[in-house]
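The residues making up each chain are set out below.
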Amino acid sequence: MSQDLVVLCAAGMLVTAYLMVGQKALFTAIRLYAIQSVLLGGVALVMGLAGHNAHLLASAALTIGLKGLLIPWFLMRVIDRIGIRREIEPFLNVPSSLLICLGLTVVGYRVSTRLADGAQGAAHHVIGVSLSMLLMGLFLMVTRRKAVTQILALLTVENSVFLVALGATSGMPLIVELGISFDVIVAVLVLGVLVHRIVDRFDSMDVSRLSKLKG
Amino acid sequence: MPDSWLGWALPAALAIRLGSAAVALAFARRAGVGRDIALAGSALASLVTGGLAASVLATGQGPSGTLLRHAASGLAVGFSVDRLSAWFLLVLAVLAIPVAVYSRAYLGHGASAGRSGFVGVGLCALVGAVELVFVADGVIGFLFAWELMTLVTTALVATEHERPQPRRAALLYLGLSHLATGCLIAGFLLLARRSASLAFAQLLAGDLLPPGPERSGVFLLFLAGFGVKAGMIPLHVWLPEAHPAAPTAVSALMSAVLIKTGIYGLYRVCAFGLGVPSLSWGVLILLCGAASAILGVLYALMQHDIKRLLAYHSIENVGIILLGLGAGMMALSAGRGELAALGIAASLFHVLNHALFKGLLFLGAGGVVMATGTRNIEHMGGLIRAMPWTALFFLVGAASISALPPLNGFASEWLLFQAFLYGFQVSQEALVRFLFPVAGALLALTSALAAACFVKAFGITFLALPRSEAARAAHESPWSMLAPQAALAAACVALGLAPGLALRVLGPVTGSLPGVTPPPGLVLGAFVIAPPEHFDHLVPPLVALALLVGLAAAFALARVAGRAVRLAPTWGCGGELDARTEYTATAFSKPLMLIFAAVYRPTRKVETVGEAHFPTEVKYEAEIEPTFERYLYAPLARAVMNAASRMKVIQAGSLHAYLAYVIALVLGLVLLLWWRG
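Protein chains in written order, with my numbering: chain A, 9 to 223; chain B, 119 to 795.
For reference, chain A alone in the conformation it holds in the complex (with noise of 0.2 Å):
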C-alpha cells in the first residue's frame, strides 16, 4: 500500500515535471513546482509513515512548507514586481521538446535498473522518476530564455536529488537535509536578486543577453 502511494506520488512528480516544459506561462510553472515539491514531500510522509521514522516525517514537513510555500510565494512576487509573466520562444518549441524529454525519460529508467542492487519494486521507480526529472531539469535550463525559468529548472533538479536521496536509502541523515534546504532558500533569494538586476540593467530577463558581458 505504502509502496504504491510512493510511486504515485513519484509518478505525479514527473507529470508536474513534463507539465513544466510544455508551460508557457510563468505563475503556472511556478504553481506546478509546488505541486512538485508538496508530491515530494508526500514521497517522504508515506516513507516516514511506513517505516516510522521520525526525522523523514520533519524533513516532509520541512520540504512542504519550504519548497511547497515559501519558495513558490517569493518567486510570484518576483514575478509580480517586474511584471513579466510570460516565457518569449524557448529556442526549441513545445512539441519537440516534449518528444525530447520523453528520451531523457527512458534513458533515466533504463539507467536506474543497472545502478545498485537494492533498485527494485518502487525504489527502482522512484530513481528512475528523479534521475528522468533530473535530466529534464537540466534540459529545461538549456532551452529556455526566462532567469525565472531556469531557476524554477534547479529546483527542480535539486528536488530530483532528494528524491533519490529518498529512493536509494531512504533519506539523508537531518543535518544534511537542512543545511540543503538552507542551501536552497539561499540560492533562491540571491537568483531572485539577481533577476532583478538583470532585468534592471538589459530591460529583460532574457539571459541568452549576458553574452554581452563577454570582454
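The hints are simulated quantities; they were obtained by calculation from the structure and are not laboratory data.
There's no promise every hint is true.
Stated by the list, open to error - Restraint ranges, calculated between C-beta atoms of paired labels, are given here:
1. Asp208/A <-> Leu289/B: 48 to 58 Å
2. Lys766/B <-> Arg89/A: 31 to 41 Å
3. Leu787/B <-> Leu65/A: 52 to 62 Å
4. Pro328/B <-> Val198/A: 47 to 57 Å
Stated by the list, open to error - In silico SDA-like pairs for lysine to any residue, Cα to Cα no more than 25 Å straight-line:
5. Lys708/B <-> Pro744/B
6. Lys32/A <-> Ser772/B
7. Lys708/B <-> Ala570/B
8. Lys220/A <-> Phe552/B
9. Lys737/B <-> Asn494/B
10. Lys220/A <-> Lys723/B
11. Lys766/B <-> Leu289/B
12. Lys32/A <-> Val780/B
13. Lys766/B <-> Asp214/A
14. Lys220/A <-> Leu660/B
15. Lys220/A <-> Gly200/A
16. Lys737/B <-> Ala752/B
17. Lys220/A <-> Val780/B
18. Lys220/A <-> Ala409/B
19. Lys220/A <-> Ser763/B
20. Lys32/A <-> Lys723/B
21. Lys220/A <-> Leu27/A
22. Lys220/A <-> Ala752/B
23. Lys708/B <-> Arg493/B
24. Lys766/B <-> Ala752/B
25. Lys220/A <-> Ala775/B
26. Lys723/B <-> Pro744/B
27. Lys708/B <-> Ala686/B
Where a beta carbon is used, it is the ideal one built from N, C-alpha and C, also for glycine.
Starting from the known structure of chain A, arrange chain B on it as the hints suggest.
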C-alpha cells in the same frame, strides 16, 4: 635539555615570524613602526634558525617534528633538519640577518617608503617560506612553502607597481614559476604512484624507480621545475627582469638565497632522491651549468644597469654551482665517492660564498642607487671619494666574485678546478675525460670574464670623475647600512683565508649524502685545502702573504729606485678634460662584444646629423640580440596565445552554452553507466 631546545627552535622561529608579521601589519599605516617590528622579528627568528643549523652541523643530531596535523585526513606537515638542510639554513641565516639590519635604513627612503611596512613583512615572510622549503619533510609541506615563497616574491618584485617594468617582471616570474611548480607536482605524483606515503623519507629513498626511461623522465621534470627557480639557462629569463625590479634588499635575498632553493631541490631530489644518478643526468647538469656560467657572465658584461649586471652574475654563479653538482653526479654514477665529494663540496661551498659576496655586492649597489638615484652606471663615477666605505666593501665583493685570491670566491672555484683535474686523472670513461677539462677551461674563462666585468662595474661606478649632477652630490650610506656590508666583507675575507673552517663543516655534510665518501685528507687544517691523495695543496694565507710581499716590494722599489713623485694635471691634448672625455662602460665592453660577436650578434645604429665629414651630432646605438627571448620564448608565447584564442570559442559567454556543456557531461556519464551496466 639540548634535545628539546632543538625540537622547539624551528616552531619558535616560525612563531616569531608570524607574530611580528601580524603586529607589523597592524601598524601598516605607520610604515616605519611596522617595518621595524617585522625586520626585528625576522632577524631574531633568523638568529634562532641559524643557531639551530649550526648545532645540527656540529652534532649531526637533526630535530624533526610536526607543525600541523589535520585529524580527519591524517595529513601532517612536518619538518626535519638533516645536515644538507642545515647547511642551506645556515647560508640563509648568515645572509638574512645583515639584510634585515640593512633594510631598516634602506627601505625608509625613496618613493616606496610609504609601503616599507609591507615590504618588511614581505621580507620576513619570504625568509620564513625559504626556511620551510629547506626543512620540509614531505611533499605537501614542501609545495606549500614553495608556493608561499613564489607568491611573496611576486608581491615584493611588484613593490613599485606604478611602473610597467616591475609589473611585467612580476607576471613573468609568476608565469614561469607556475610552469615550474606544475613540473614539480607532476614529478612528485609520478613518484607517489610507487609509494604509499608522501613523506620524503619514503618518497626520496631512491629505491622507488628502477633505472630506465620513466626514472629519467621524472628527473627531467624535476630538473625543469627546480631549474626555473635556480635561474639555470635556458630557464633563466625571469631572473634579470625580477632582480632589478625588486627593492635592493629583496634583490640581495633573492639572488643570494631564493635561487638557492632551486639548487637545494636539485640536491635533495635530482641528485640524491632518485637513486644512483645516471651518467647522462650528470652530463646534462654539467652542460647546463657550463652554459649558465659562460652565457651569464657574457650577458652581464653588456649590462649598464648595476642591478641587472649583478642579476646576470647570479646566473653565472648558479652555473658554477651546477658545474660542481654535475661533476659530482657524474662521479657518483661511476661509483667514485671521493671525486663526488670533491665536486659536491666545491658546489656547496660556492653556495655559501655566492650568498656572501653577492649579498655584499647587492647591498653596496643599493647604497649607490640610493645615493645617486639611478641604476645606470654610465651616470655614476667618482663615488669613491663620496662613499669610501661602500667602495671598499664593493671592491672586496668584486674581487671575490672574480675569484681572486685570497678571497672566498677563489677558494671554492679552486676546489672545483681541483675536482675537474683530479677527475680527469682518475677517470677512464672517454666522455668524462673529455668533458672535465672542457668544463674546467670554461670555468677559467668565466672567472676571467667576471673579473673584466667587475673592473668595468667598479671602475665606471667609483673611479674617475662624476658623470652626473646626482653622482657629484652623492653621500655615504648611514652606518646601519655599512655595518652589514662590513660583516659580509669580513666573512668573505675570513673564508678566503681560512677555507678550512667551511670545509671542516662540509665534510660531514657531503658524507651524509648517499654514495659520497669524503676523502680523509680534504681538510688538513683551517688554512689549507687539499684534495685526496695530496693531489695538490693550497694555503691561502701564503698566497695572501705572497701578494702582500709583492706589493710591498713594488712599493719599496718605487720608493728606492724611482724619482720623487711630481703631481701635475693629465695632459689633455690641449683640450679640457672633464667627465665627458672619460672611458664609458659601453666603450669598455666593446672589444669583448666584438670578440664574442657570435654570441651577442650585435646590431648597431649610427646616425649623423650635418655634413658627411663634419657632423654636428652623432648618435650611436648598439644592441645585442636577446637570443633566448627571441628564439625560444617568443615562439612559445605566440603558440600559447594562438591556442588560447582558439580555445576561446568554447567560452562563448552564453549561459545556455555553459548549461549545455553541463547537460552534455551529465548525459554522457549516464549513458556511460547504461553502456557499462
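Quick rundown of the hints versus the structure:
1. Asp208/A <-> Leu289/B: 48 to 58 Å: For Asp208/A and Leu289/B the Cβ distance comes to about 36 Å; the hint is violated.
2. Lys766/B <-> Arg89/A: 31 to 41 Å: holds (37 Å)
3. Leu787/B <-> Leu65/A: 52 to 62 Å: At roughly 34 Å between Cβ atoms, Leu65/A and Leu787/B fall outside 52 to 62 Å, so the hint is violated.
4. Pro328/B <-> Val198/A: 47 to 57 Å: holds (55 Å)
5. Lys708/B <-> Pro744/B: Within the cut-off at roughly 17 Å; holds.
6. Lys32/A <-> Ser772/B: OK: Lys32/A and Ser772/B at ~22 Å, within 25 Å.
7. Lys708/B <-> Ala570/B: Roughly 12 Å between the alpha carbons, so the hint for Lys708/B and Ala570/B holds.
8. Lys220/A <-> Phe552/B: violated (65 Å)
9. Lys737/B <-> Asn494/B: holds (19 Å)
10. Lys220/A <-> Lys723/B: violated (48 Å)
11. Lys766/B <-> Leu289/B: Holds, because 22 Å separates the two Cα atoms, which is no more than 25 Å.
12. Lys32/A <-> Val780/B: holds (24 Å)
13. Lys766/B <-> Asp214/A: holds (23 Å)
14. Lys220/A <-> Leu660/B: violated (78 Å)
15. Lys220/A <-> Gly200/A: At roughly 21 Å apart (the allowed maximum being 25 Å), Gly200/A and Lys220/A satisfy the hint.
16. Lys737/B <-> Ala752/B: violated (29 Å)
17. Lys220/A <-> Val780/B: holds (21 Å)
18. Lys220/A <-> Ala409/B: violated (51 Å)
19. Lys220/A <-> Ser763/B: holds (18 Å)
20. Lys32/A <-> Lys723/B: Judged against 25 Å, a Cα distance of about 73 Å means the pair is violated.
21. Lys220/A <-> Leu27/A: Violated: Lys220/A and Leu27/A sit about 32 Å apart, past 25 Å.
22. Lys220/A <-> Ala752/B: Between Lys220/A and Ala752/B the Cα gap is close to 32 Å, so the pair fails against 25 Å, i.e. violated.
23. Lys708/B <-> Arg493/B: The given pair, whose Cα atoms are some 20 Å apart, holds under the 25 Å limit.
24. Lys766/B <-> Ala752/B: holds (21 Å)
25. Lys220/A <-> Ala775/B: holds (14 Å)
26. Lys723/B <-> Pro744/B: holds (17 Å)
27. Lys708/B <-> Ala686/B: Violated: Lys708/B and Ala686/B sit about 31 Å apart, past 25 Å.
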